[in-house]
Amino acid sequence: MTSLAMQRRRATAGRVLTQFRNSKPGVIGFVVLLVFMLVALAAPLLADVRELNPVFARAQGNPQWAAPGTFGALGTDHLRRSVWAQFVWGSRVSLFVGLAATVLTISIGSVVGIVSGFVGGRIDSILMRITEWFLVIPFLPLAIVLASILGRNVWNIILVIGVTSWPSTARLLRAQVLTVKQRLFVDRSRSLGAGNVHLVARHILPNVSGLILANATLAVPISILTETTLSFLGLGDPSSASWGKTLEEAFVNGAMVRNAWWYFLPAGLGILVVVLAFTLIGRTLEEIADPRLGQAR
Amino acid sequence: MLTTEQPESQGRTRFILKKMLGSLLTLVFVLVFNFVLFRIVQSDPIGSLFRGRNVPAAKIADLRTAFGLDESLWVQFWAYVRQTLQLNFGISYQSRQPVWNEIVSAIPATVALVGISAVLSAVIGTVGGVIAAWRRNTWKDHAITSGTMVFYSMPDFWLGMILLVGFAVVLGWFPVGGMTDAGSNARGVALLLDRLHHIFLPALTLTLAYLGEYALVTRSSLLDVMGEDYLTVARAKGLRDVVVRNRHAVPNALLPVVTLTAINFGFVLSGAIAVEAVFSWPGLGKATADAIRGPDLPMLQGLFLLFSAAVIFFNLFADIAYAWLDPRVEGA
Amino acid sequence: MRRMAVILMLALFGAAIAPAAFAQEDARVVLRIGLTQDWETLNPTAGFAVSEYEIWNVHYATLTDKAAADFAPIPGLAESWEVSNGGLTYTYKLREGLKWSDGEPLTAEDVAWNVNTGRDQEWDNMLSTVINLDAKVIDDRTVEITSSVPDPKLPNMDVYLVPKHIWEPIATDYDAAVEYEALDGVGSGPFVISEFTKGQSVVMVANPNYWGWNGEKPPIDKVIFQTFANPDAMVAALQQGELDAIHGFPAGSAETLEADPNIEVVAGRQGGFDEIAINGGAVSGQPHPALLDLEVRRAISFAIDKAAVIEDLWFGLAGPLETMSPGADEAKWIPDIPADKAFAHDPARANQMLDDAGYLDTDGDGIREMPDGTNPIVLRHAVNTDGDLAGPIGELFTGWMEAIGIGVELASYDQDALFGVIIEGDYDTFFWGWVPFVDPDPMLSYFTEAELESYNDANWTDPRYEELYLEQKVELDPQRRIDIVHEMLTILHDAAVYIPMYLGPDLQAYRTDTFQGWVRQPADIGPVMFSNSSPSYPLLRPVGSDGAASSDGTNWVLIGGVVVAVALAGAVVVTRRKSSADDRE
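Line by line, the protein sequences are chains A, B and C. If you count the first sequence from 1, position 216 lands on 280 in the working numbering, and the numbers rise without skipping. If you count the second sequence from 1, position 211 lands on 339 in the working numbering, and the numbers rise without skipping. If you count the third sequence from 1, position 229 lands on 266 in the working numbering, and the numbers rise without skipping.
Any given hint could be a false lead.
Distance condition first, Cα-Cα at most 25 Å in a straight line; then the derived SDA-like pairs of lysine to any residue [said to hold, decoys possible]:
1. C/Lys235 / B/Gly306
2. B/Lys146 / A/Leu242
3. C/Lys173 / C/Ser184
4. C/Lys130 / C/Pro142
5. A/Lys245 / A/Asp188
6. C/Lys343 / A/Ser303
One side of the interface only, derived from the structure: several residues of chain B facing chain C at Cβ under 8 Å [stated by the list, open to error]:
7. Ser223
8. Arg224
9. Gln225
10. Val304
11. Gly305
12. Gly306
13. Ser408
14. Pro410
15. Arg421
16. Pro423
Just so you know, the hints here were simulated from the structure itself, not pulled from any lab data. A virtual CB, placed ideally from N, CA and C, is assigned to each residue, including glycine.
Just chain A, with the same shape it has in the complex (with noise of 0.2 Å):
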């Protein structure tokens, strides 16, 4: 990379931060997803993993359905076990599952469109219409019958979310590779005989990258609250307690009609607000990106 390049690359990273800092929602968004990144990564500071074990809890003498204040933060469960020690090691599984399936999904998304965008012709008819067809078909029975079939671990889940979700990603990135393109076509390099790879690795990607740091974030939230989702109707992995499972055990085992509000509401906040702050973050970096949107905002 020439330094002309670098010094452009760090000069574009500046301008990106900077406007991320002036951005309010986008600064609460990266506020409060450290904090809930401190607390995933601290869990074993912050709660006991054993407590999460019923034969344990049932060894403390604890009770069952505690309301948060006779018994700990937020109380106990149908197994004598910490709520918040469920919160806590949740948020782990939770963000995992969230980030590990965005990366699959932004890795599929982003060479489909990429492909797709800069080749054209057939091949981009094909994976055009394979797209196609995996935006109609409906997201959610999808994940459900592969997860169904596939087993439930927290490996399958994260595939079969990356799986279904990649689609949007391809159309987003396979557009802006097109507009991408019309502009290289008045560029220089391509008359100056310049090969495909270098023209994806040292022309498109940069143009197009800030998209997909956009897209990404705002990918985040659909894979959590996939996952959620697929773990209250009982596809997750039973031997890990991310939020949505804990959401699932409270319906299962009652917690409703006895009112135990301790029992699921911190698992839905946890997910509502962590979910809010990488939809923030991720529209402060579209604005970035584009500054077009900007204004429609």
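Dock chains B and C against the given chain A, drawing on the hints supplied.
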């Protein structure tokens, strides 16, 4: 989710025909996909059927042969296609009834719930979006945009759980679930009101969950339109704000919303799965949630096909509607 | 426009109130029962659900009944019987003047036709009872039933007798019999089927020709069974007086129901139990090799905390259980296991046993390995999604095993899939249950070689057990038979392939202010409905003058109507104002 493909200069009829062909191809793809996916997994409903029933072993072996599926995959596939066209989706593992019957009896409940919610969320959301765009950057705008974003960011079924606990369990104003009261002989209008009583909370949940999308889309679409010239002219003519908004800006901004509504109806059909489960609302969503607990594969297969077909159909409908409504589409 | 809105509003308001005026119950006595299971078919030759058996128990009288106290055979349609031919032949004398609900006479012809046709056409529900029997009509009121082998179940004749005059033309073969809808409404029990709406209810009306009324007017006119998809709604309905009794409510609601002075809770047991089963490795499939060692299975048994399950998941309503329970009469068939042979909750002992047997944790990861240091002991535990408790028990099981250095992997299956998995043998442990019959033979058969790769889900055999099984099958001396069964159950217990967790009750509740006369079967511990022969129905009487339940639903209908009307009126008013402002443009 918008299809913003412009028909260009191909003429309306040709455009519609192209869309219909596309939909058909997609349906075929879904059929093949469905078949392949479900043939990977089989289980043994016969043995389980007779577990604990005190039936001699030889008898069970006989029945197993009668149900045997040992033909080639290709033969099975054509049998599957033929059966699907005859609306024969097999027998549900859980209820031992034809899947088609189970699905058909669940459709009205979902259509009622989803229909009401889709209409309400479209209307309220659009109105909210209009107000937000028109009063851009005022507190009204911020309130509406933030409020809808919050509802949009929460799991819809979680909102349902909260409403259920708050209004049905604690306050007792609404029933804890289901579609009608137990043991009621209600008929006619009384039955209708009972059903309304039961549909209120789930419909409220879905409406709140979905109106965000309408609000935001309407808002940005309207803001786009508001930048266009003919509105300046209208304002220059001295027309009142409200009129400019309602007579000129809104109708044009509504175009994407119309198509959004149509498309969404197809998707919302399957989006109510978790919410129906929470409220025990006896529709397609609850049937899906119950089938998952199996997995009741024939049911899942049938439901999946139905959901896909619904989306394909409504997408087609939206495309045709768009072609009709958009003045920029050329005639045949 | 505005006038229209007001008229609409008033109309809706009126409609909301009207049903309250018309919703008076007629003066009939109606018994309402709620349950959570649905009915598939009401054909007694084909169905198999608990909900369906209850309907048949009420709709069809049987030749002999079962005593509520202990299931002993007592006169039913037959008023007496004689045994002959070394116990192989029973001659039953029917009561005088028996009639079907449609007025046709009920004779020995009906009995003989049922037994012989059920045997020849192999009707699923009857077959194991009648397979060795042959029935002969002696005269209108006398029928002779002969068994080709000694059968300890006789004189018990509890097969449902269907009306020959209706069924004979229809049931030409097995398929025809099984596909018949059986909604003719002709029966011989206290109530007969009048309406069936799948997913909703079965309505039964009193049968004045039932022998048990003894010529008196039936005290109850109608029985309505209602199915609920949502168990919490069912509990609420009982509390609000919309139901008189409920069956199968969630354990978590027991406390609230017990607190209600007008509701009686019954945790009825009839031998049903749940167990954690270990793959015994007899045929097919690959259990973890450690499980083939009896010492390991015994250690696992010592690590299970059954009291925790009974306390936390059943709120104390389940009964303790040490061995498998093969028949409905728990007191009779379950042997006492001396304390030194029983598996008490003792994780320390379990750990010691595993250490001594050489299963050590050589790499310090908390999981023991085989004595040669390889193959860490991780058990694949199957969670049965059709049961509410399987999930929590899966989690508890993980905890218990962790405490003795054994890992657990959970996988979820529904009943059908689980059955397939078990047959293939690709599992280590699972949690499931059984509800045995009155006679222990079927349940005992599920641990024999003949049922391997079928219902033998312990995947285990034992030669002595096989011998004893064949003995008890033809043992006519009751006490001797009990002894044989006790020996069999002890063998099974010591093999530690089944860890019976508890005797699981049917959770039922009934209102004490509407009907009285509920009878438990068996005495003191059994359920009051959905029991083996459902003896309560002919004995129930209304408390006070009327037993009809009033519906509180109309209050909510009213509120709903008002809300809707106000909302509509509001909408109309709002839109009116806007359009008038516009028009003035």
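* **Hinted pair C/Lys130 and C/Pro142, Cα distance within 25 Å** => The hint holds at about 15 Å.
* Once the shortest beta carbon distance from B/Arg224 to chain C is found, is it less than 8 Å? -> Nearest chain C Cβ about 5 Å off; hint holds.
* **Status of the hint placing B/Arg421 at chain C (closest C-beta pair under 8 Å)** => Since the shortest Cβ distance to chain C is 5 Å, the answer is holds.
* To do: Starting from C/Lys235, check that the Cα of B/Gly306 is at most 25 Å away, please.
  => 16 Å, holds
* Asked: Given B/Ser408 as an interface hint, is the shortest Cβ-Cβ distance to chain C below 8 Å?
  -> B/Ser408 check passes; min Cβ-Cβ to chain C is 4 Å, inside 8 Å.
* Taking the least C-beta to C-beta distance, is B/Pro410 closer than 8 Å to chain C? -> Interface hint status for B/Pro410: holds (6 Å vs cutoff 8 Å).
* Asked: Going straight from one Cα to the other, do C/Lys343 and A/Ser303 come out at no more than 25 Å?
  -> The given pair, whose Cα atoms are some 21 Å apart, holds under the 25 Å limit.
* Distance restraint between B/Lys146 and A/Leu242, which requires alpha-carbon spacing of 25 Å or less -> Distance ~24 Å between B/Lys146 and A/Leu242 Cα, so the pair holds.
* Asked: Given B/Gly306 was flagged as interface, is its beta-carbon under 8 Å from a beta-carbon of chain C?
  -> 5 Å, holds
* To do: Mind checking the CB of B/Pro423 against every CB in chain C and telling me if the closest is under 8 Å?
  => 6 Å, holds
* Sort out whether C/Ser184 lies within 25 Å of C/Lys173, counting only the CA atoms. => OK: C/Lys173 and C/Ser184 at ~12 Å, within 25 Å.
* Asked: With 8 Å as the cut and Cβ atoms as the points, is B/Gln225 at the interface with chain C?
  -> Check passed: Cβ of B/Gln225 comes within 7 Å of chain C, closer than 8 Å.
When each numbered hint is compared with the structure, no violation occurs for any of them.
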